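Make one complex out of these two single chains by using the hints.
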Amino acid sequence: MKYLDEYRDERIARALVAEIERRATRPWVLMEICGGQTHTLMRFGIDELLPKGIEMVHGPGCPVCVTPLEIIDKAIDIASRPGVTLVSYGDMLRVPGSKTDLFHVKAKGGDVRVVYAPTEALKFARANPERQVVFFAVGFETTAPANAMAVWQAKREGLRNFSMLASHVLVPPAIRALLGSRRNRVQGFIGPGHVCTVMGYREYADLVREFHVPIVVGGFEPVDLLEAILMLVRQLEEGRAEVENQYVRSVTYQGNLHAQKILAEVFEVCDRKWRGIGGIPESGLSIREEYADFDADRIFGTEGVTADEPAECVSAEVLQGLKKPTDCAAFGTRCTPGNPLGAPMVSSEGACAAYYQYRRHLVGAKGGF
Amino acid sequence: MTQDAKIEGALYCPVPVPAKDAILLGHGSGGRMSADLLQSILLPALRNPVLERLDDQAIVDFGGSRLAFTTDSFVVKPLFFPGGDIGTLAVNGTVNDLAMGGAHPLFLSLALILEEGLPMDHLRQVVESIRVAAAIAGVAVITGDTKVVEKGSGDGIFVNTSGIGVVAPGIELSADRARPGDRVLLSGTIGDHGITILSQREGLEFAGEIASDTAALHLLVADMLRVSAEIRCLRDPTRGGLSSTLNEIAARSRVGIELDEKAIPIREPVQGACEMLGLDPLYVANEGKLIAIVGADHADQVLDAMRKNPFGRDAQIVGAVTESHPAMVTMRTRLGTSRIVDLLAGDQLPRIC
Numbered sequence: 003m004k005y006l007d008e009y010r011d012e013r014i015a016r017a018l019v020a021e022i023e024r025r026a027t028r029p030w031v032l033m034e035i036c037g038g039q040t041h042t043l044m045r046f047g048i049d050e051l052l053p054k055g056i057e058m059v060h061g062p063g064c065p066v067c068v069t070p071l072e073i074i075d076k077a078i079d080i081a082s083r084p085g086v087t088l089v090s091y092g093d094m095l096r097v098p099g100s101k102t103d104l105f106h107v108k109a110k111g112g113d114v115r116v117v118y119a120p121t122e123a124l125k126f127a128r129a130n131p132e133r134q135v136v137f138f139a140v141g142f143e144t145t146a147p148a149n150a151m152a153v154w155q156a157k158r159e160g161l162r163n164f165s166m167l168a169s170h171v172l173v174p175p176a177i178r179a180l181l182g183s184r185r186n187r188v189q190g191f192i193g194p195g196h197v198c199t200v201m202g203y204r205e206y207a208d209l210v211r212e213f214h215v216p217i218v219v220g221g222f223e224p225v226d227l228l229e230a231i232l233m234l235v236r237q238l239e240e241g242r243a244e245v246e247n248q249y250v251r252s253v254t255y256q257g258n259l260h261a262q263k264i265l266a267e268v269f270e271v272c273d274r275k276w277r278g279i280g281g282i283p284e285s286g287l288s289i290r291e292e293y294a295d296f297d298a299d300r301i302f303g304t305e306g307v308t309a310d311e312p313a314e315c316v317s318a319e320v321l322q323g324l325k326k327p328t329d330c331a332a333f334g335t336r337c338t339p340g341n342p343l344g345a346p347m348v349s350s351e352g353a354c355a356a357y358y359q360y361r362r363h364l365v366g367a368k369g370g371f
Numbered sequence: 356m357t358q359d360a361k362i363e364g365a366l367y368c369p370v371p372v373p374a375k376d377a378i379l380l381g382h383g384s385g386g387r388m389s390a391d392l393l394q395s396i397l398l399p400a401l402r403n404p405v406l407e408r409l410d411d412q413a414i415v416d417f418g419g420s421r422l423a424f425t426t427d428s429f430v431v432k433p434l435f436f437p438g439g440d441i442g443t444l445a446v447n448g449t450v451n452d453l454a455m456g457g458a459h460p461l462f463l464s465l466a467l468i469l470e471e472g473l474p475m476d477h478l479r480q481v482v483e484s485i486r487v488a489a490a491i492a493g494v495a496v497i498t499g500d501t502k503v504v505e506k507g508s509g510d511g512i513f514v515n516t517s518g519i520g521v522v523a524p525g526i527e528l529s530a531d532r533a534r535p536g537d538r539v540l541l542s543g544t545i546g547d548h549g550i551t552i553l554s555q556r557e558g559l560e561f562a563g564e565i566a567s568d569t570a571a572l573h574l575l576v577a578d579m580l581r582v583s584a585e586i587r588c589l590r591d592p593t594r595g596g597l598s599s600t601l602n603e604i605a606a607r608s609r610v611g612i613e614l615d616e617k618a619i620p621i622r623e624p625v626q627g628a629c630e631m632l633g634l635d636p637l638y639v640a641n642e643g644k645l646i647a648i649v650g651a652d653h654a655d656q657v658l659d660a661m662r663k664n665p666f667g668r669d670a671q672i673v674g675a676v677t678e679s680h681p682a683m684v685t686m687r688t689r690l691g692t693s694r695i696v697d698l699l700a701g702d703q704l705p706r707i708c
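If you're matching them up, the sequences are chains A and B in order.
Note that the first sequence covers residues 3 to 371 in the working numbering.
Note that the second sequence covers residues 356 to 708 in the working numbering.
Chain B extracted, bound-state conformation (with noise of 0.2 Å):
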């Protein structure tokens, strides 16, 4: 055979696997694959109106008021990292899903899974930032519990909190409010937690200059809430990073969503670490910023009371809601060009070269 003959010779490729048959780490990536397994085993089992709506908490009616409830696992490695630790991270995670409802939040629950041999001080160290951090965030952890698992059969500490709170009347934040016209807020700087593990993970060094951004943003919220009645939705952008939690929302308001890059704000070690690392920061998790949806008319009195807030100083009008592309955030590039920022099926991958 020719050289010629080998290279238009008839092209065969590859049969996909389907992640169907055991789960994949890609199912916790909080993209495509995490959105499958809750569409195809949880929904059909457990559906209901309020789990239907698949916001970050159910807002229930209850005696008279509105009660909001949420909960959420903690699993991260290294346990502490520069700006907090996994106890840190469980008391404010769960403040910051209760706040994106609106809700003031008044208890927490603490569920403790700790792997045998856990050094007793990691473990009181620990213990200590969730006192810290619930004495901050003004909530109280009011039950509790604990459990042992086998060498091997943990990861030093799992931790799982819940959260009730409760939500003014009046207030409706939800991921299917977004509408045409409508603009993007966010309170700060992207990409800031996701960076400071994976660099403590991989023990890179990036100039020492990257913490994470964890923090409770209730009080945020309220100062947000307190000064337009027009917004319309409240997002931490967690897992997934900014670029899940805006395709979530287009894809549940049936709108689109467009990005201006030049607006969005990164930190330039974080810029540089994903530079480096071949990551994209629009997909970078964050534990303390909140994206807020707002009425045209109103974004800038919200953005200037997010400015007030210490939480919300860097806080940028990011973009806007349209009418075309229903369902697909697309961003206008530094070059004035428009690319789309879809939704990742896994986690996003380091890239070879």
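Excised from the complex, chain A in its bound form (with noise of 0.2 Å):
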């Protein structure tokens, strides 16, 4: 197939592997940011084929995952009431809350769907006047326009039955944070190329500037990871620190400024708290105090609800790759994806997940593991 085929060739790759194996002359420890990324390099085990020295550690780009347990619990107050659907993305249904998750509500009766767009759960409100509409909204800069969009939409039909539950997080505040951490250990970063698709790179290469490490904006196919990993240790081994593009056929500078238009008309910055890390300052987008008649979270009162995460996993380490999911002593027995202690085992695009789906039978196997 066309576009996919020829990101998925084995001789490519190969050759790719060989060009890494040449350049690095000691080990680098780097991280992809994005949980799609992650996926890939389990799925297609090419951390089988890296060379020893090249460590790969997952980074904290799964908005299932990331996003906070009292949002969770807002989400299940509001879909437990009569007269609502709620509308979301599909694996955020299966994500734990406080008490419950969304799949037990609706076995309860409550009205959730799944939707692949925040349109359709617009089409949904003006056929069903009577029912209020709610849209669970999470996920980083590259679903947040289309949402935006959504709500604008909305605003300007003058629908009175749709709102959206927004959760935002953006990524170049929670690598400012990871940078900042005096346990950092990441000297390399593959930089998200569906976020940057949207956003550009300009605030990369602020990163890049202001903490010296290298950013490769990569995107989500074998080859271009082992692509954005070599241009990412070419500039490690000369002593660089630049924001590069492997992502060509996507991502420019400047992004998609339309997509950022509507984003920023409907959205702004605000302070968010990280499942597994916790609070980061300006990490999230919420809802403009002009579309507050949308805001799902000031129309049924939830802004109160906050929650306590009980149970203790070693997540904040596994989303900041300072451990691996396997070095956790719950991985696999008392934390596997039908039964998850924590955020990177919910969802297929969390570190832990992945490394469950796709990896557990190599755990011991091998030293770079």
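Derived from the structure by calculation, the hints contain no laboratory data.
Fair warning: there could be bad hints in the mix.
What the hints assert, rightly or not - Just so you have them, the derived chain A footprint on chain B, three or more residues with Cβ under 8 Å:
#, segment
1, 379–386
2, 624–635
3, 677–685
4, 688–695
As the list claims (entries may be wrong) - Taking lysine-lysine pairs in the BS3-like style, the calculated list, with each CA pair at most 25 Å apart, reads:
#, chain 1, residue 1, chain 2, residue 2
5, B, K432, B, K506
6, B, K506, A, K108
7, A, K125, A, K157
8, B, K506, A, K125
9, A, K263, A, K157
10, B, K432, A, K110
11, B, K432, A, K108
12, A, K125, B, K432
13, A, K125, A, K108
14, A, K326, A, K54
15, B, K502, B, K432
16, A, K54, A, K325
17, B, K506, A, K110
18, B, K617, A, K4
19, B, K663, B, K617
20, A, K125, A, K263
Claimed, not checked - Not everything, but these chain B residues come out facing chain A in the computed CB check (under 10 Å):
#, residue
21, D376
22, E557
23, G558
24, L559
25, K617
26, Q703
For clarity, every value in this text was computed on a predicted model and none was experimentally measured.
Backbone N, C-alpha and C fix where the C-beta goes; we use that ideal spot for every residue, glycine too.
Given below as structure tokens:
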């Protein structure tokens, strides 16, 4: 298949690996930011191909995993009310809140639906004026413009029965928090290709200057990731720290200006709590005052909902690249995708779930794992 | 608190929600939750040696013959889709459950649960499909039942069919008979049915090239059994797809299975749809495909026999049974690395981005 097979070609992949091997004269610790990239690394077994010295650690870029517990509790609260239809992306339904998850709300008669786009929720709201339709909007900068568009459109149409529970997070503040930590061991980042398709990579140039660390914006197929790794290794070996773009077929420096405009029209930057990490200043997006009539958090009065996260796991260390999922004593035994103890085991893009799903047969079999 | 302290602070995670107090949709996925339901509620109450084999059909000796008996319920939205409808599925699904035991299918029962308000034309169309599918499969519907439920209590039509067939002497097919060294054969492309249904449901158009693969496979099975007595097990990878079926065989036979990703046939529009929707075709349902576990020396001749039948035209040897990693399915990827092909807990969920 065009645009797919060439990026999964074994010959090209092996040539890139050979070049990485040739260039790398010492060990390097690299982090891929995005959960989609983690998923590809695990699904295609790229860790098996890389030279021993190149260690990949997995970043906090799984939007499902980092959505804070209290937001899930709010969604569950709203979905349990009569007359409400809660609409979301599929993998949010399985994420446990403090007491239950959305699948259980659905089983008890709550109207919870899965869609692929927020505009489908709008369509449903138009067709069902007697129901309050709430779109549960999570994700990074990638999904934010489409969600903003839905709110903007609802306001323009004067829809009275559509609102959004928004919990968007931003990548650059998370990288800043990681790099600012004194325990940081990441020496180079693969930037999030989809996020940068929307936002461009101007902000990453700022990070490179501030922390003198190379960032290569990368795609999501095996050849994309290997090429991004090679570009990082080249920079590190040559003592350079620049922002480079591997994912040129999708990402430009400016990004998608139309998408950025609609995003800024509806959302504003706010402080945000990340599940598994904690509070990061100016790392989220919330709905602007002008669109308050479409903010489910205000409409349903859930602003005060807070949640204490009860059991302990090592996901903070995993999400910062300090530990591998397999370093956790509960991995694959007490903590599995069917029974997740922590955020990164919840979605298939979470680092722990990706290890479990694709790689656990190699645990202990190889030093580099 | 500084930012540094925040990010390194103690980390607390959520307590899981056990799916034990109510039925969730995932219990019907064919994955781990379905298996749990069977083990925790159904088997403890109804246990007997025939049921415990957990094959697609029960085979019992009766009056000097070996009878195969099976039942299946069909719930699908939409009722009509490219390649068939709920009626076609209800006949072919039950015929295939018999065929996977090596049985020659003879009779079907038909039970219809109809929702108040269902257009009569829809019922006529479904019944006509049942007639045609039964004629093609050479089975007769010899008993039946209809019930009507209030509007809102059903989804148009629910269909249950049970089937009876006879198994010739000497044929022993079961999921616990796979042995290291055996080959894994697949009769054709995967994912066609599931992606067809999903794209209809979501109103997605993938160039209009996808249709359900629903088909009765008993003649394909007969062709295979004619050329080899070394076929250990046959399964149709319906709900839960290729991966769930192979995981079940690996677990029941206490063997490992290693797939070769490059050998697994997938139509381009199905692959494209899966990429777009964030789904893995290995977990998508099929309604006209079978998996055969065959002794290595007989694999080629069985493959030849399959390819001569129209329903096995694209058949491939897609893997082998191994001694290593018992009860686990792995796959040699296109990059030459290896990964697990796991049993999913519930339904495959579309990813956010």
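Broken hints, by number: none
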